[in-house]
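Between the sequences and the hints, there should be enough to build the whole structure, so can you do that?
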Amino acid sequence: MSSDGKRIGVVAILVQERQNIAKVNELLSTFNGIIMGRIGLPRHEDNLNVISLIVEGTTDDIGALTGKLGGMSGITTKSLLLTK
110 MSSDGKRIGV
120 VAILVQERQN
130 IAKVNELLST
140 FNGIIMGRIG
150 LPRHEDNLNV
160 ISLIVEGTTD
170 DIGALTGKLG
180 GMSGITTKSL
190 LLTK
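Counting from 110, one number per residue, gives the positions in the sequence shown under my numbering.
These aren't lab readings, by the way, just hints derived from the structure by calculation. The reader is advised that the hints may include incorrect statements.
[To be verified] Below, simulated DSSO-like cross-link-like pairs (lysine-lysine); rule was C-alpha separation at most 27 Å, straight line:
#1 132 with 187
#2 177 with 187
#3 187 with 115
#4 132 with 177
#5 177 with 115
[To be verified] What follows is a set of in silico ranges between Cβ atoms, one per label pair, in the way DEER data are often shown:
#6 167 with 126: 25 to 33 Å
#7 113 with 189: 14 to 22 Å
#8 189 with 157: 19 to 27 Å
#9 142 with 121: 14 to 22 Å
#10 131 with 192: 32 to 40 Å
#11 113 with 182: 31 to 39 Å
Idealized CB from N, CA, C, for every residue including glycine.
As structure tokens, this is what we get:
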């Protein structure tokens, strides 16, 4: 953990059903201050979308993001926070 309490982490998001993508994008835009990078992979044959985020923030900030994602219907999320 850095001296300012921020940590770097990875958040994996599985979006089931295409209509959920807009809700996820809207939520992610509200957390743009902690998102350092983003990669999205649409899987049309499975009707799934996988999004990988690199984040940097406090555990509270990252937890708020993953908590809101986890509370959305059709969304599965896992996170990993790194230590120095």
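Going down the list of hints, with the structure as the test:
no., hint, in the structure
1, 132 with 187, "holds, 18 Å"
2, 177 with 187, "holds, 12 Å"
3, 187 with 115, "holds, 19 Å"
4, 132 with 177, "holds, 11 Å"
5, 177 with 115, "holds, 19 Å"
6, 167 with 126: 25 to 33 Å, "holds, 31 Å"
7, 113 with 189: 14 to 22 Å, "holds, 20 Å"
8, 189 with 157: 19 to 27 Å, "holds, 20 Å"
9, 142 with 121: 14 to 22 Å, "holds, 20 Å"
10, 131 with 192: 32 to 40 Å, "holds, 35 Å"
11, 113 with 182: 31 to 39 Å, "holds, 35 Å"
The structure meets every hint from the earlier list without exception.
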